[in-house]
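Student: Sequence:
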Amino acid sequence: MPTDDPLAVHTMMIDGEEFAYGDFGRTRDYLPDVGPPRFAAHLAFAMEEVLPGFPEATHVISAGFSNSASFALAAADRRPDRIAAAVALSPNLPPSRLDLGVRIPRYLAAGTLEGGFRDCAQGLASVPGEAGIVHRHEEWVGGHDPYWWRLHLVEGLSRLIREALPGAPP
174 MPTDDPLAVH
184 TMMIDGEEFA
194 YGDFGRTRDY
204 LPDVGPPRFA
214 AHLAFAMEEV
224 LPGFPEATHV
234 ISAGFSNSAS
244 FALAAADRRP
254 DRIAAAVALS
264 PNLPPSRLDL
274 GVRIPRYLAA
284 GTLEGGFRDC
294 AQGLASVPGE
304 AGIVHRHEEW
314 VGGHDPYWWR
324 LHLVEGLSRL
334 IREALPGAPP
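Offset between the sequence shown (1-based) and the numbering used here: plus 173.
Rather than coming from a laboratory, the hints here were simulated on the basis of the structure.
Every residue, glycine too, gets a C-beta built ideally from N, C-alpha and C.
Any given hint could turn out to be false.
[What the hints assert, rightly or not] Pairwise CB distance ranges, derived in the manner of DEER restraints: (1) L273 <-> E311: 19 to 25 Å; (2) Q295 <-> P225: 34 to 40 Å; (3) P268 <-> P210: 22 to 28 Å; (4) D254 <-> G288: 20 to 26 Å; (5) D292 <-> D272: 31 to 37 Å; (6) Q295 <-> E222: 20 to 26 Å; (7) D254 <-> E336: 18 to 24 Å; (8) G316 <-> P210: 31 to 37 Å.
Model the full structure from these sequences, guided by the hints.
Tutor: And the structure:
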């Protein structure tokens with residue numbers, strides 16, 4: 174529900190669903206290079222149907238796990254006018270796909286047992302760091318699992334609110 178409180182923070186969370194191995198399924202909705210038309214439609218839905226009820230762009234954080242982590246980053250890169258920050262837990266977006274012209278804060282994290290997702294999070298964290306973009310990178314001892322994502326989502330949101338969003342409480 175919209176509010177006039179300048180410290181209110183609204184989070185848009187669009188989470189992926191399971192799909193059979195080898196089937197791109199909903200992946201086309203979340204990764205811009207896998208299914209550009211479906212990604213564009215998904216982004217348009219989020220921006221035109223979900224976000225209009227939110228107050229100011231400075232209070233919108235996109236967040237996600239796995240494929241939806243990549244969507245959170247890609248959406249923030251494409252719509253910094255509406256999204257002020259992004260939390261990406263276990264992302265699989267190639268680091269070269271980040272738009273360094275977009276200076277929004279990012280929180281990137283993955284488990285130490287996640288292999289490629291961990292490598293991707295580390296690579297994604299190095300890109301904004303080299304460009305002087307506010308970001309944070311964390312790791313947890315664990316795998317590619319909703320249990321860890323739910324625990325670390327709160328940490329990511331808290332850090333961005335405290336450290337990177339204008340007007341956030343100390």
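Student: Taking the hints in turn, state whether each one holds.
Tutor: Now for the hints, and whether the structure bears them out:
1. A beta carbon spacing of about 21 Å between L273 and E311 agrees with the range 19 to 25 Å that was offered as a hint.
2. The hinted range of 34 to 40 Å is satisfied by Q295 and P225, whose Cβ atoms lie roughly 36 Å apart.
3. A beta carbon spacing of about 24 Å between P268 and P210 agrees with the range 22 to 28 Å that was offered as a hint.
4. Take D254 and G288: their Cβ atoms lie about 35 Å apart, and the range 20 to 26 Å is violated.
5. Checked against the hint of 31 to 37 Å, the pair D292 and D272 fails, with Cβ atoms roughly 21 Å apart.
6. Here the CB-CB span from Q295 to E222 is close to 34 Å, at odds with the stated 20 to 26 Å.
7. Our hint of 18 to 24 Å for D254 and E336 holds, since their Cβ atoms are close to 22 Å apart.
8. At about 32 Å, the beta-carbon gap between G316 and P210 stays in the expected band of 31 to 37 Å.
Hint check: violations occur at hints 4, 5, 6; the rest are consistent with the structure.
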